[in-house]
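Enquirer: Go by the hints and put chain B onto chain A.
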Amino acid sequence: QSALTQPRSVSGSPGQSVTISCTGTSSDVGAYNYVSWYQQHPGKVPKLMIYDVTKRPSGVPDRFSGSKSGNTASLTISGLQAEDEADYFCCSHAGTYTWVFGGGTKLTVL
Amino acid sequence: EVLLVESGGGLVKPGGSLGLSCTASGFSFSAYNMNWVRQAPGKGLEWVSSMTRGTGKTYYADSVKGRFTVSRDNAKNSLFLQMNSLRVDDTALYFCAREQITGSALDYWGQGTPVTVSS
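Protein chains in written order, with this note's numbering: chain A, 1 to 110; chain B, 1 to 119.
Source of the hints: derived by calculation from the structure; they are not laboratory data.
A portion of the hints provided could be inaccurate.
[As the list claims (entries may be wrong)] Derived lysine-lysine pairs resembling BS3-like cross-links, with alpha carbons at most 25 Å apart:
hint	chain 1	residue 1	chain 2	residue 2
1	B	K43	A	K106
2	A	K47	B	K43
3	A	K44	A	K106
4	A	K44	B	K43
Chain A with its partners taken away, still in its complex shape (with noise of 0.2 Å):
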């Protein structure tokens, strides 16, 4: 149950696009297509992004989206804005009602 790797940190300014990675095994992200993305603010409780890989929760901007290659996932940041500055987590299944989650990665709007 090691957890999935991330990027510590990384930026964009406004309206530019930002990718995050999150880099599992053949026994998380790359055996099951249960890929969630959390953002966090701090201090606040963690929110649905993205699940399925690609899906997004009802009133999740279309700004975000997702993806899988093999073992790695990312979230993809459209038009940043500056309210998208927050941590975000990835998250997978690792096994039957088990899940894995990034370290995180805190995303700086400039």
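Expert: Chain B only, in chain A's frame:
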């Protein structure tokens, strides 16, 4: 509105025990798998435990296996986490989280209850 409210956190000495509760409302609690996730101060999210709907099977992270026990009372719309043999590195904010009906993500989270293990 889906609401999850955790309670029971506090300060406990190493080796001690603590029981957490999560009270759910706004959805059919018995129809969902439920989870506990924790976040140490300034750190990332760590999945702790899950309990399935129906059969009530339980699953644990290796870091808590044998020390923590998850349970649920569907009649009271409640999820519990009994934590024994607590260690300093169990210090964290403990979240209760609902699993989507499809089982593919954690779609609703409570505000969390803080647990501090310190002598």
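Enquirer: The structure should be examined with respect to each hint, and the outcome stated for every one.
Expert: Verification of the supplied hints:
1. B:K43 x A:K106: At roughly 11 Å apart (the allowed maximum being 25 Å), K106 (chain A) and K43 (chain B) satisfy the hint.
2. A:K47 x B:K43: Holds, because 16 Å separates the two Cα atoms, which is no more than 25 Å.
3. A:K44 x A:K106: Holds, at about 14 Å.
4. A:K44 x B:K43: 14 Å, holds
The structure meets every hint from the earlier list without exception.
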